[in-house]
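Required output: the full structure, derived from the provided sequences and hints.
Protein chains in written order, with the working numbering: chain F, 1 to 56; chain X, 1001 to 1708.
Treat the hints with caution; some may be incorrect.
[Claimed, not checked] Footprint (simulated), chain X over chain F, 3 or more residues, beta carbon under 8 Å: (1) 2-9; (2) 17-30; (3) 41-50.
[Said to hold, decoys possible] Computed beta-carbon distance windows for the label pairs: (4) A35(F) - T1459(X): 31 to 41 Å; (5) A1270(X) - A27(F): 57 to 67 Å; (6) I33(F) - N1243(X): 45 to 55 Å; (7) T49(F) - D1681(X): 32 to 42 Å; (8) M1(F) - T1608(X): 39 to 49 Å; (9) E34(F) - T1299(X): 17 to 27 Å; (10) T1401(X) - T49(F): 25 to 35 Å; (11) A1651(X) - S10(F): 37 to 47 Å; (12) M1(F) - G1399(X): 23 to 33 Å; (13) G1227(X) - T49(F): 19 to 29 Å; (14) T1300(X) - F28(F): 48 to 58 Å; (15) K4(F) - A1397(X): 27 to 37 Å; (16) A35(F) - A1651(X): 45 to 55 Å; (17) M1(F) - S1329(X): 34 to 44 Å.
Since the hints were derived computationally from the structure, they do not count as laboratory data. None of these values were measured; they are calculated from a predicted model. C-beta: ideal position from N, C-alpha, C; glycine also.
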Amino acid sequence: MTMKIDFSFSSQYGTFSDALHLPDDHAFTDAEIEAMKQQRFDNWIAVITAPPTEGV
Amino acid sequence: MANRYWVLGTGTWDSTSTTNWSASSGGAGGASVPTAADNVFFDANSNVLATAFTVTMANTPRVCRDFLASGLDGTMTLAGTSIGLTVSGSLTFQATNFTRTYTGTTTFNATTTGKTVTTNGVAFGASVTFDGVGGGWTLGSALNCGVNSLTITNGTFDTSSISNYSVTADSFSSSNSNARIINLNASTVTLGGTSPITFTTSTNLTFNAGTSQINFTSSSLLFNTGGQTFHNVSFSQISGFTNISGTATYNNLTIASKTSVGLGKFNFSADQTISGTFTIGAGTTASCRYLINSNVIGTTRTLTCASIAAVSDVDFRDITIAGAHGTLSGTRLGDCKGNTNITFPAAKTVFYRQTGSANWGATGTGSWSATSGGAFDATQFPLAQDTAVFPAATYPASGSTTTINADYNISTIDMSLRTSNTMTLATGVNALSIYGNWINGTGITISGTGLLTFAGRTTQQITSSAKTFTQPITINSPSGSVTLQDALTTGTGVTTTFTNGTLDLNGFTYTVGTAFTTTTGTKNLTFNGGTLVCPAATTTAFNNAVPTGFTTTAGTGTGTISMTAATAKTFVGSGSTFNCTLNQGGAGALTITGSNTFSNITNTYKTTGATSILFTAATTSTFTDWNASGESTRLLTIGSVTAASHTLSKASGTVSADFLSISRSTATGGAGWYAGANSTDGGNNSGWIFTAPPAPPATATGNFLMFF
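Spelled out as structure tokens, the structure:
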């Protein structure tokens, strides 16, 4: 079974809302979970700040 | 009318030279060049002794009444690059000693009946057209147009009711409103092109199929029936896409067996009736499949069948089986939704079994197993109603790539167990239709550029696990929903297309690539607190291209559409109601087109720089709330795209903005529009009050307390 951890970050580009899906018996520490959240947000910012300029 | 005989061997048949034309067989040259009223003869006296000779046509087209090549005692070559031949009477090519190398169009334009076309095995090198009002032509031998088209524009084309001559061409076309008749008798017609029959406009067309057999040999084609009645029509193996348009009737309709791995797609644009037998050739294995479907998801096509041959390894979508055959059942039939009178096997769960990089669909024992880590079983290929699971362990080994190697119909694809054991799921250019859930594990990498269409028509979920979808995504799930289970991001350069169903952001962020575009259909965007982020700096970053049938639902919480590009971008609203906040989230000017209604408008970019929100002149944008402001030294410009005014409307309450630079803006609707004390009046404004809103009036209770 998995647990879902919802989280959000606010930014100048708007709110980024995501969820972590982790096993119920996961061994991640709170710090590691926070790092995962931050990584996802950072990756999203990277996408947002490098937008496409032309269609396919 | 005169007769003209070719003499003196090799020469040029042009519009002026008389050297090789004689008034009699073997007579002196110098006769006039034949006109469309003159018969031309090529015979034993056309050459010098029995030598080979070449008649090179020039000045297109060469014309004649009857064309008769007969009695030749040396090989005659009829040449001419891109030079046409127009025959106003009959034509006969000699079976021997005759070679055709000219490559122009051959046109038959007789206006009387009784003409014959006898090519005696000589194939044409370019298009052949029958185009004579009142003309009538009967084949005197098989007609071979090679890889070229055969067109009936006027008159009657008959394959001979006595001899039933065969016809071979790239395509057979008759699409106009002229009076014309096609009699196929009991002939075999073989067509190799990708548009083998085009009867698009069949007005005044009398098509007598007789007991003919029409064979299509292309693996991908468009068959425009014009609503005609055919006898037997057969398709060779379809590897790509085939569309049948027009409500047609057949005796037998046959599709050859699928022997190559993949999905051959058979689209029906209209209902069809098969009064004999409908045969869909069985696949060699479960991964060799056909899809029989409507050309429009959610629009049913009825196939009325007297009989259907045994069916296996076929997917169906939006197909109703009617007629004497009754309910269709078969082996490994895939349910792609919207079907009636077809019995499908119960949904099952299958497990990927390959241990290394391999394909989703494979020959032999296949790639799947009935149990996790169990034996390979070719029959366990995941059908459109099955759940396909990638086990956590060595199926496949970490670092492997699983390639979905065809446009397969897939229900739930569950990769949630792939975490530390990584795997790349590659879709290449294949366009996949998804009818269940898509669940990524954190160890998944997705690659591919083919379209992913979510078409389940029930509740579908996408769990992306922070994995970017490189494929364009289409939501086309009539009466269904697609609900995000976490943030979803598509790759830059790809588009999300919204056609049918509900897209529920479910509180999460959906970041699209090039554009979010609506198309024809009934579609609802539900936010439930989620955000649709459109980061592209394009004029179609958010493109409500087909607003008809498009609705939005706020749900729980506040939804947002955020336009984040650092350079100019456009929100194409098309006059819809957006039960969400529209956010200017990037430095580039945000242009809003259409007279739209929004719950709110904000500007989150103000913390780092100045930007603009521009409305199309002469539009009215209606807001429940307005919360777009700038910051000190970073004014938010509110203006029109062109030098004319736009209108902003809010029914009641107070707009309390600040640090705006406003021009060409009419604020109305009943609310108090306070631009704030630090805003700038750029001119041509109406309704804006360039002060802070007044303080709320003190209450009676307050006055009482102050008094004391």
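- [ ] Could you tell me whether the CB distance from G1227(X) to T49(F) stays inside 19 to 29 Å?
- [x] violated, 55 Å
Open item on the list: Does the beta carbon distance between M1(F) and S1329(X) stay inside 34 to 44 Å, or does it fall outside?
Closed with: Since M1(F) and S1329(X) have Cβ atoms about 37 Å apart, the given range 34 to 44 Å holds.
TODO: Check the following: the C-beta atoms of A1270(X) and A27(F) are separated by a distance inside 57 to 67 Å.
DONE: holds, 59 Å
Task: Within 8 Å of chain X's CB atoms, at least three CB atoms from the region 41-50 of chain F: coverage verdict - done: n = 6 at 8 Å, threshold three: holds.
Open item on the list: For the hint 45 to 55 Å, verify it against the beta carbon of A35(F) and that of A1651(X).
Closed with: Given a distance of about 47 Å, which is inside 45 to 55 Å, the answer is holds.
Open item on the list: Does the beta carbon distance between M1(F) and G1399(X) stay inside 23 to 33 Å, or does it fall outside?
Closed with: About 27 Å separates the Cβ atoms of M1(F) and G1399(X), which means 23 to 33 Å holds.
Open item on the list: Can you confirm whether chain X covers the region 2-9 of chain F, using C-beta to C-beta distances below 8 Å and requiring at least three such residues?
Closed with: holds (count 3)
TODO: Could you check the hint for me, namely that M1(F) and T1608(X) are 39 to 49 Å apart, CB to CB?
DONE: holds, 42 Å
Open item on the list: Tell me if the beta carbons of E34(F) and T1299(X) are separated by a distance inside 17 to 27 Å.
Closed with: Between E34(F) and T1299(X), where Cβ atoms are some 49 Å apart, the hint is violated.
Open item on the list: Using a Cβ cutoff of 8 Å, are there at least 3 residues of the region 17-30 of chain F near chain X, or does the coverage claim fail?
Closed with: Coverage by chain X holds here, the residue count being 5 at a Cβ distance below 8 Å.
- [ ] Given the hint of 48 to 58 Å, check if T1300(X) and F28(F) actually sit that far apart at their C-beta atoms.
- [x] With Cβ atoms ~49 Å apart, the hint holds.
Open item on the list: 27 to 37 Å was suggested as the range; check whether the CB atoms of K4(F) and A1397(X) agree with it.
Closed with: 29 Å Cβ-Cβ, so the 27 to 37 Å window holds.
Taken one by one, the earlier hints fail for this structure at numbers 9, 11 and 13, listed in ascending order.
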